[in-house]
Amino acid sequence: MSGRSLPSERALLFGKPLPLVGVLTEPPEVPGPNGLPAAIILNAGMLHRVGPNRLHVKAARRLARDGFTALRFDFSGIGDSPARESDLPLERRRVDEVGEAMDFLSSSGKAEKFVLLGICSGADAAFDTACHDDRVVGAALINGFHLHHRAPEELIDLAKEGVRDRYYRRSLLSRDSWRRFLSGKSDYRAVGRFVRGQVGRGKGSDAQVAPEAGTESEWRSLVERPVDSLLVYSEGSLALDTYRLTLERTVPELSSTGRLAVEVIRKTDHVFTLLWSQDHLVNLICEWALAEERTWISWGER
Amino acid sequence: MEPFYFRGPSGMLFGVYHPPESREPRDVGVVLCYPLGQEYIRSHRAFLRLAAMLSSKGFHVLRFDYSGSGDSEGDSSEQTIGDLIDDISAATDELKGGSGASRICLVGLRLGGALSVIAGIRRGDVDAVVLWDPVVDGAAHLKHLKSLHEEWLSGSFADPASGSGGSNAFEALGFPLGGPMLADLESLDLLELREKPADEVFLVTSVEPPDSVRLKNHLQGMVGSLRYGRIPAPEVWIKKDDEMAKGLVPIQVLEAISEWIEEAFQ
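Top line first, the protein sequences correspond to chains A and B.
Read left to right, the first sequence gives residues 1 to 302 (the numbering used here).
Read left to right, the second sequence gives residues 303 to 568 (the numbering used here).
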């Protein structure tokens with residue numbers, strides 16, 4: 001095969017023992033290291049490196065237009081990367097493999113500092129890596145759950161209840177939903193359950209489950225290190241409810257440092273199916289990255 | 303396995319070359335033609351597995367992303383049927399040139415199947431074609447996409463009316479389709495084709511829509527050898543709200559395809 005490469009994108013194999021497959025997207029003209037961190041975009045669940053609805057490709061290209069080098073790669077056993085044998089827990093293997101990506105980018109002179117991006121389980125892998133590796137200076141965590149170990153059943157049940165409540169509350173305010181309800185096209189039994197639940201509960205649920213101590217302390221150390229984090233949640237994601245049940249109460253204190261920002265994108269689903277929501281998400285990430293650009297460059301000079 | 307970029311007619315294309323991994327490499331290249339949009343995302347794992355099966359049997363295999371799809375240059379809103387067929391042709395030339403294989407087989411799933419048929423007709427040098435649950439009627443395919451899209455949004459938080467300014471693009475489960483592509487699909491009908499894509503054709507279906515039976519009848523007598531296989535298997539290309547569904551691989555279908563290709567090129 002000829003192996004010719006795009007001026008701004010090229011295919012990569014890196015890491016050991018079995019190589020990981022990735023695509024490197026670089027700004028159109030890179031005279032040399034520009035002091036910016038490189039962005040590394042991590043797999044969302046089992047989808048390969050293009051991401052849900054090709055979102056990772058869109059984000060990488062937009063970031064490159066804004067001056068950032070971006071690497072999308074497949075964890076071992078996902079997409080084109082072969083499975084590796086290991087006795088380590090999956091979370092630890094993910095952290096090590098992101099480390100291999102950073103090693104590769106450092107040794108090839110692309111960057112010394114890194115910003116991690118991930119959706120859903122990719123956000124969790126980004127969070128875990130940020131906690132373990134000082135080379136990470138920023139993390140855009142989209143619909144991540146950030147729950148270490150096994151999440152308590154109680155938390156998941158409450159989160160599911162939360163997303164159902166929000167859905168039906170929205171439906172009750174929607175003229176279309178009422179029209180569907182009156183025409184028999186709505187799941188009126190579920191709506192009825194919600195209404196009864198609200199009446200029985202008075203002002204509604206204010207349940208809150210304490211975050212696992214380890215997770216909360218890790219957030220604090222990330223902010224102190226410092227690592228800039230952007231948390232993005234879709235209105236339709238269960239991750240929003242787990243966030244509200246766990247981290248939200250700590251956020252005012254963490255946000256006051258200027259190192260943590262939280263954004264909720266209304267009227268969108270967990271994987272940003274609609275094009276407007278994809279554009280909105282990519283804009284949000286890139287605007288955040290551009291706003292942090294000077295800070296990251298100054299950290300690189302230290 | 304070698305991931306790389308190569309030049310296509312409308313931009314750089316991403317491909318993965320799987321060299322023969324048997325002691326006796328064959329003089330045959332197999333080009334795998336993905337479906338589009340959400341169906342592409344969902345079938346990636348199955349194509350990787352199929353490529354591995356074929357390379358272990360000694361074939362040179364190339365998986366590639368069309369322009370505007372996967373890792374290739376461009377956006378899906380810019381795609382046209384003509385451009386995608388040209389991409390298949392460029393991938394075929396790349397595989398022939400890079401591997402030295404002189405005989406070619408195209409394997410296409412869903413819309414990739416329809417594109418493989420037309421690419422085979424236009425090139426005239428394709429020896430065999432595998433059509434896996436191919437799209438036969440483009441207009442019906444569009445309706446199907448629209449219905450899946452609406453079904454996915456129904457009961458979700460996603461609101462098409464939101465967003466700044468709105469968009470006029472046709473949206474199909476997270477992917478835009480431009481006007482030219484919509485027009486191309488509206489007029490796509492494999493039953494109107496009067497030339498054969500290759501001497502040997504394998505039509506394999508996991509589900510049995512009447513379209514596939516009509517295509518079988520249409521191809522019968524037109525091609526030198528036609529085999530039809532009905533192998534019940536999950537439609538892995540359909541988006542489901544189930545994380546495990548993303549990992550499904552229809553192994554019986556893949557085995558049938560690789561065995562047929564082996565027989566066809568004995």
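Since the hints were derived computationally from the structure, they do not count as laboratory data.
The model shown is predicted, which means the values in this text are computed figures rather than measured ones.
Just so you know, not all the hints are guaranteed correct.
For lysine-lysine, the following BS3-like pairs were computed, each having C-alpha atoms within a straight-line distance of at most 30 Å [what the hints assert, rightly or not]:
{"hint": "1", "chain 1": "A", "residue 1": "LYS58", "chain 2": "B", "residue 2": "LYS359"}
{"hint": "2", "chain 1": "A", "residue 1": "LYS160", "chain 2": "A", "residue 2": "LYS16"}
{"hint": "3", "chain 1": "B", "residue 1": "LYS542", "chain 2": "A", "residue 2": "LYS160"}
{"hint": "4", "chain 1": "B", "residue 1": "LYS518", "chain 2": "B", "residue 2": "LYS359"}
Quick look at which bits of chain B chain A covers, simulated, 3 or more residues with Cβ under 8 Å [to be verified]:
{"hint": "5", "segment": "314–326"}
{"hint": "6", "segment": "343–352"}
{"hint": "7", "segment": "380–393"}
In this text, a Cβ means the ideal position worked out from N, Cα and C, and glycines have one as well.
Has the segment 343–352 of chain B got at least three residues whose CB is nearer than 8 Å to a CB belonging to chain A? Contact hint for the segment 343–352 of chain B vs chain A: holds, 4 residues under 8 Å.
Between LYS160(A) and LYS16(A), does the CA-CA distance stay at or below 30 Å? This hinted pair is violated, its Cα atoms lying about 40 Å apart.
Within the segment 314–326 of chain B, is the number of residues with a Cβ closer than 8 Å to a Cβ of chain A three or more? Result for this restraint: holds, n = 5.
Would the hint linking LYS542(B) and LYS160(A) be met if the CA-CA limit is 30 Å? holds, 19 Å
Tell me if chain A covers the segment 380–393 of chain B under the three-residue, 8 Å CB rule, please? violated (count 0)
Has the given pair, LYS518(B) with LYS359(B), been kept, meaning a C-alpha gap of at most 30 Å? Distance of about 28 Å is within 30 Å: holds.
Are the Cα atoms of LYS58(A) and LYS359(B) separated by 30 Å or less? violated, 37 Å
In summary, the numbered hints that this structure violates are 1, 2, 7.
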